[in-house]
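Letter by letter, the sequence shown follows residues -18 to -1, 1 to 173 of mature numbering (1 follows the signal peptide of the UniProt record, and there is no 0).
Don't take each hint at face value.
[As the list claims (entries may be wrong)] Using 25 Å as the maximum straight-line C-alpha spacing, the simulated SDA-like pairs for lysine to any residue come out as follows: (1) K85 x L74; (2) K61 x R25; (3) K61 x L110; (4) K11 x A118; (5) K61 x K85; (6) K11 x A39; (7) K11 x G35; (8) K11 x R73.
Hints are computed from structural coordinates only; laboratory data are not their basis.
Nothing here was measured: the structure is a model prediction, and the numbers come from that model.
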Amino acid sequence: MVPPWWLLVAFVFGGVSAALTSSRVVRTKYGDVSGVIVTPDNRRLDAVEVFRGVPSASPPVGSLRFMPPVTGSLWSGVKVADRFGPVCPQRLPNVSNDTAALKTMARGRLQYLRRLLPHLQNQSEDCLYLNIYAPAQGKCVHPVRTRHIQLHKILSSEYLNNDFQICKWIKCFFGSSYLPPDKVSDGFYDL
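Produce the entire structure from the sequences given, and follow the hints as far as they go.
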């Protein structure tokens, strides 16, 4: 069975034909935000309203580095959330040589990483941003699927070679939700 969160990954990294600025303005406690309406190339999938790069906390730089997240600043006007925020710094695998890469990973993961790497070039410690996906029509015509995902299965070829459909919210817990309280890393303050 394909985990439902995979649609979001596939939707973000490929198969998107159009993005129009949404006319809806969502009021948050930090300020107003508008997103974009994205229509996937796959006709079986409905349009999605996407809010990209919404700040979720103050940038964890300077004196805030290695500290618990701090509530973000308020903004005035409408923030147009149409661009992804930077990703957190990470060491990217070398996938330029098929033979060498396939010694350490499955072909499905290699193909996935090649599609993903262009989106990981903008890296910064200022990376606490959310990408929020909601049905464009505001309602779900397909059943909502929720699933906990085991980290070691995220990139296995079993999940990369299937097609599926999802509509609304995906709830997924990583890190501390699977650890006993005395084993939680300080890096998991908000999980």
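Query - Numbered hints the structure breaks, given as an ascending list - result: 2, 5, 8
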